[in-house]
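In order, the protein sequences belong to chains A and B.
Numbering of the first sequence is given in my numbering, commencing with residue 369 and proceeding in unit increments.
Numbering of the second sequence is given in my numbering, commencing with residue 2 and proceeding in unit increments.
Treat the hints as calculated values from the structure; they're not laboratory data.
The C-beta atom is built at its ideal place from N, Cα and C for all residues, glycine as well.
Treat the hints loosely; a few may be bogus.
So the derived label-pair ranges between C-beta atoms look like this [stated by the list, open to error]:
(1) R829(A) x G52(B): 49 to 55 Å
(2) N215(B) x S684(A): 47 to 53 Å
(3) E114(B) x S971(A): 53 to 59 Å
(4) Q746(A) x A31(B): 56 to 62 Å
(5) A31(B) x H427(A): 38 to 44 Å
(6) E945(A) x A31(B): 52 to 58 Å
Spelled out from the first residue to the last, the chains are:
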Amino acid sequence: MAKLPVAVIGGGLGGLWATLRLAEAGIPVNLFSLFPVKRSHSCCAQGGINAVFDIKGEHDSIWQHIVDTIKGGDYLADQPPIVSLCEEAPGLIRTFDRMGVTFSRTPEGIMDQRLFGGVKNRRTCFAGATTGAQLLYAVDEQVRRWEVEGLVNKFEFWDFLSLVLDDAGVCRGVTAMDLKTSQVRAFPAAATILATGGLALVYGRSTMSSNSTGAPAGRVYQQGAKFANGEFIQFHPTGIPGHDKNRLMSEACRGEGGRVWVPRGKGDKRPPRDIPEEERFYFLEEWYPTYGNTVPRDVGSRAIFKVVHHMGLGVSGQEMVYLDLTHKPREFLEARLGGILEMYETFTGEDPYTQPLKIFPAAHYSMGGLWVGYEAEQGADGLMRMKHASPKNHATSIPGLYACGECDFAYHGANRLGANSLLSASFSGRVAGDAVTAYLKSEKKAGEEIESSKCEAERARQDEINQRMIRADGGENAFTLHGELGDLMRTDVFVERDNAALDRALDGIRMLRERSANICLDHKGDWSNQSLSWGRQVQDMIVLAEAITKCARMRDECRGSHYKEAFELKVPEGKFEGDPEYAEYKAQWKANNDQWLKHALVSFTADGPEVEYAPVDTCVMPPEKPRDYR
Amino acid sequence: MADAQIRFRIKRQDKPDAAPYWDDFVMPYAPGHNVVSALMYLREHPVNARGRGVEPVVWESNCMEEVCGACAMIVNGTPRQACAALIDQLTQPITLEPLSKFPVVRDLLVERERMFAALKQVKAWVPLDGSQDIHEGAPRISPVDQSLRYLFSRCMTCGCCMEVCPQFHEDSRFIGPAPLGQVALHNQHPTSTYFRSERLQALMEPGGIADCGNAQNCVKVCPKDIPLTQAIGELGRQTTVQWLKDLFVR
């Protein structure tokens, strides 16, 4: 008897790893993707992937990787999964190495490691400047092999629409739309894994690929899956503003001496080189004399936001400031930043050696996502970690539905360390694959096909939504709505937040939601109707944006990427452990943790998102001391 | 400013079996546009140059950083990634056409499945004994060998090289340059090379390496500067050796 396949939605690093593990266990997989999986957003990650090998004589340790990840996330991530993530990272990288990833080498021919942000040791493996692409291609190749073996069946150019749930609320299949024919089909599935990546397109233009809408997470959220910690979005201070996206500019530009400035005069139209030194406002240097242009990411992002939005000093009145390297000799820049500046030139057509770069912060990564659980197990060393191959690992709140990769909320807490995202995407995909394998063993019913009437009912419901949208004549353009959503999110739910603005944003989102019911498509046919799939994705992005904004409105504190000035606890200047002022600060910090160190869990209701809170598992390293990067 | 407008001629096709036609579009100029961002503007304002409302142009794009390979199309006669084609550097009207060597799905969107199928044919993967940790990595690889392989490992299966290859077309069986680059990549890896003979044998079948006409167009258009002709030359020699070996084994 043919086994019922598992549905994997998304073919980036997470989805491909999950698929690979299932296929190796002999379980057939239907793999769905909006495009050929090799084009997934994982390919955009340039920097590298963290794993402790300690090859540089620095006495780096797995424990230090655990500590860095916990602290980097401001304690907001459950800790036993972090222990497993860091412990298994070296084995995972060794496997990537065996898969043929072209990791950069030391002169002795082993994988080289380099330094990355937020850590003290060289812990990051990399493959030139295309690490994400190389890792993605390696797993893609392995999955292709299983495709030849007949265990993996790819549905590329298909859009996941919904889950098929049985009367007990268990996920027993999915519906998806063929993007060529617009035909909706139901696919019974023994279990389903969502690996659909990030959601930064709710910010309109971001550093993400144009398909990273978060819509699939929004869809299962509307079917009852809990969404967690949505307020935590990482913003990168140096995005290159574009009409289509805000491409990522490496932070190395600031590190190598780049100076950030705007003209002092509002709306100064002169070319930057004609603006004399005394009429330039080097705001980072003025405001932060100690660090100057190399302030941490979040501080830099907020300063740029302030200059543009509160002071109205954006270059040409737009959302951009200058990042100037023109005072540096060409030879120096070519040697240190050559590849990066070449990329800037390719996409802007401007010469960064003679013209300052134009930058603005951009939404880059979502730490929050679908809530997923785990089973903890204490090791002989006393440490709690994720139990290997437990069916509870990476299970969402809907039985039979799993999530991995950026679309889940695990590992990164309130902020993510650089080069931990390729790691968590790959690791969580592997874990999810193993968890589903265990689930199929323990849940006898999972192997049985759900009654066809249930599938048909869900298929018909989805088809009806399509038909309604094709027929609708309400006058709203889906692309314009998305632009408005992005403008709103980039203004009011961005790098700095306050409750009045967030209330305004919630009102704005509700209005967008009402208007999105009146989307009128310019394309009415069935064949390859990209407007239809986009229109539906926009509706689901708006729902997700409301969940994110609601979480942000409710969290009255500063933690990681979430910043509300009114609730900032300031470290007393020049005071350290032992000083009474510091003791008071520490007491406030503890009190704040007692109140706010908790996961926000969002449930969808017809009236909007409902937020409840759940404790964070800090059994490995409870927060005793505030982070202090002084 | 030379142009206050951006003008396009776009080759459109409503269905795979429909006849193609040209549609002209005009949009307001703004600095910093590339072909994809302009197409995004046009899909929001789908009115052609004659002022007629039309169905939005269909195309494929994803990363918009020239790494995913999705948005390859023919821009002013040259196959390239549309996201990296800056309007300010293009002669107007800008003509956009779908890649011609692959079946058109709609407008600028083509079906490149044949390229992925070719990767199956040549077994472009390392034959792992499972993805579990075996407590060692790959054998040591010198920095020189790594950098050689890195050249080939950046192939994003965009299809530009296939587009300009005279031997690769709908009626030919030629596997095309991109998959040959992947054979080179894998045959240089210390363990993937265990499959070397099988890959070479696959290239000795009809549609294999012998069908390369040595036009050397592929290497000129590759957006990643992959030394495809070098790989093809080397594979040609290796298949000859393989042919002799097979002769003696038989």
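Consistency of the hints with the structure:
Taking the beta carbon of each, R829(A) and G52(B) are about 39 Å apart, not inside 49 to 55 Å as hinted. About 52 Å separates the C-beta atoms of N215(B) and S684(A), a value consistent with the hinted range of 47 to 53 Å. At about 41 Å, the beta-carbon gap between E114(B) and S971(A) misses the expected band of 53 to 59 Å. Distance hint for Q746(A) and A31(B): a CB-CB separation of about 60 Å, consistent with the stated range 56 to 62 Å.
Range check, A31(B) to H427(A): about 54 Å between beta-carbon atoms, so the 38 to 44 Å window is missed. Judged by the Cβ atoms, the range 52 to 58 Å given for E945(A) and A31(B) holds: they are separated by roughly 54 Å.
Going through the hint list in order, the structure does not satisfy hints 1, 3, 5.
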